[in-house]
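Using the hints provided, position chain B relative to the given structure of chain A.
In order, the protein sequences belong to chains A and B. Residue numbering for the first sequence follows the UniProt record's numbering, starting at 1 and increasing by one per position. Residue numbering for the second sequence follows the UniProt record's numbering, starting at 1 and increasing by one per position.
Take the hints with a grain of salt, since some may be wrong.
[Said to hold, decoys possible] Derived lysine-lysine pairs resembling PhoX-like cross-links, with alpha carbons at most 25 angstroms apart:
id: 1; chain 1: A; residue 1: Lys159; chain 2: B; residue 2: Lys97
id: 2; chain 1: A; residue 1: Lys158; chain 2: B; residue 2: Lys97
id: 3; chain 1: B; residue 1: Lys88; chain 2: A; residue 2: Lys103
[As the list claims (entries may be wrong)] To list a few chain B residues with every Cβ distance to chain A over 12 angstroms, as calculated:
id: 4; residue: Trp3
id: 5; residue: Ser12
id: 6; residue: Gln20
id: 7; residue: Pro50
id: 8; residue: Arg53
id: 9; residue: Leu59
id: 10; residue: Asp61
id: 11; residue: Lys77
id: 12; residue: Asn86
id: 13; residue: Pro101
id: 14; residue: Lys103
id: 15; residue: Glu107
id: 16; residue: His116
id: 17; residue: Glu121
Worth flagging that the hints you see were computed from the coordinates, not collected in a lab. Owing to the predicted nature of the structure, the values given are computational and were not obtained by experimental measurement. Every residue, glycine too, gets a C-beta built ideally from N, C-alpha and C.
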Amino acid sequence: METSVPIVFVQRKQIGDYDKTLKAHKEGKIQKLLETKGHDHVQDSYDYDLIVIGGGSGGLAASKEAAKYGKKVLVLDYVTPTPQGTRWGLGGTCVNVGCIPKKLMHQAALLGQALQDSRKFGWQFEEKVKHSWETMTEAVQNYIGSLNWGYRVSLREKKVTYENAFGEFVGPHTIKATNNKGKEKFYTAEKFLIATGERPRYLGVPGDKEYCISSDDLFSLPYCPGKTLVVGASYVALECAGFLAGLGLDVTVMVRSILLRGFDQEMANKIGEHMEEHGVKFIREFVPTKVERIEEGTPGKLKVIAQSTDGREIIEGEYNTVLLAVGRDACTRTIGLDKVGVKINERSGKIPVSDEEQTNVPYIYAIGDVLEGKLELTPVAIQAGRLLARRLYAGATLKCDYVNVPTTVFTPLEYGACGFSEETALEKFGEENIEVYHSYFWPLEWTVPSRDNNKCYAKIICNIQDNERVIGFHVLGPNAGEVTQGFSAAIKCGLTKAQLDNTIGIHPVCAEVYHKSNLI
Amino acid sequence: MGWEEKAARGYSEFVQAAQQSRGRPVFALFSGDKDAQGRSWCPDCVTAEPVVRSELNSLPDGAVFIYCQVGDRAYWKDPNNEFRKNLKLTAVPTLLKYGTPQKLVEEECLNRELVHMLFTED
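Same shape as in the complex, but just chain A:
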């Protein structure tokens, strides 16, 4: 409260009354303010220590960690609606339209299979088993809603300010936040973290945005998608196709070239074969050129015209729903990065960063799916976010380790992996320097119901020159994620083939196959 006039402002910063102004002048503060040309802001004039753009896995982890060290943090999260009008709450892709609903629907499909198996184990029920898409979706969305709410409570408890607004840079250290009513607010911060993630790519053909859906829409679709064409060969495409088929729907997958680019191709092909044998149709080496609506409705009927990749053949098909899963684009083009000089890869939109997640602009950092050359996984973003906050505000030095990150693809036959694919290992070390051990296995639980005895598969790749160090781990089978997690820690400790052989297996479980000497 000022007690005397004059009241002095310099460069929009309030110094105060006569006494305060004199004091500031003596301390050199006024001179400093007069010297700033609007490019270098004085430390204590920022609204926040850290502004995080993007309230997903990475953004939330970083903001909560920074707040732990007493920093003043603002998180801006905003979901631009899909072409179909779908939106969701705080938490990012994983929670709302990724990992969480995906795994729950995958589980719904597995339970369908389990119900069938159960009869062989003696369970008797007369009614034919049916599935209600609406019941499942409502339950999944309800759970997601509790997660959205949980994040908001968590941010509030940790004193992180959250605004549901679209953040974009407008100048050095300055951001504009626009809420869904169009109201604009401006904020400044000492440091910024870009964690805006990605959104599904569209094909760029007539009818794609009007009639097709993406994973952004699928998990909250209020009606059963019916006969579905999934376009794409990514893990998103195969996982979605997998659980839709598992729920009893008629599913076709249209693939331009190979399955699961970037993954071990032997494993990718086995996944595809399994899906095909279990009722998923594949149309290979075709791309859609046009999507038309034949009938309105929920879901309605669509006609898809597609052309072979060699250009020679044109086919048509009718589906209730077309799900596009042809890739994801980084959300970096409309957030004003040019205004602050942050360089992005023009082709991909991704942001190159140092191994400390710093962009070319020293006070701006980036984590998560927006990063160039890094794995697009929730735990990676979380780890990177936490470690970054610790380095910035708690004097830590530990950097995020992006090597040997375990992953799992939740196709009907799950695939877990850690380390090198066979192709990459061959390329890096040479055929004569690696040894591949592999084995098929038949889960005990599959014997009684007579499920496939030749599909589940285990493979490890060893570096002969380094004590037969395990450099690649692959498993195709039930609970692949659970199996892989433990092995990934062992690999981090430098697991060798000899150690694998000397570890006694647990019986009867699938994972013991890695400890049997019949891995040839």
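Just chain B now, kept in the frame of chain A:
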């Protein structure tokens, strides 16, 4: 228009009060029963009530606030009581926005800012 308070004792009264309020935003505070002196057997509920009440004026227009006494301690401890089974309550006090996954449980109810957030934000 302001907001309206309803009182309920036990599960069926709660369901009735909620049904009567259909179409309006409904918030409910679940507490252990109060004795003849007006004190609940649940100490956190005793502390939470004034905090929640201090924020009632930020309820949206037309909202209904149901103050529901769930029962005595023995009833509450029974893992099959109707509140646990049907409303999935796990503890008292619980403050929730009916029909949504938004709720505050135990110590969260003592945090005025969180109560304000529950009452005012979507």
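Which of the listed hints are broken here?
-> 13, 14, 15, 16, 17
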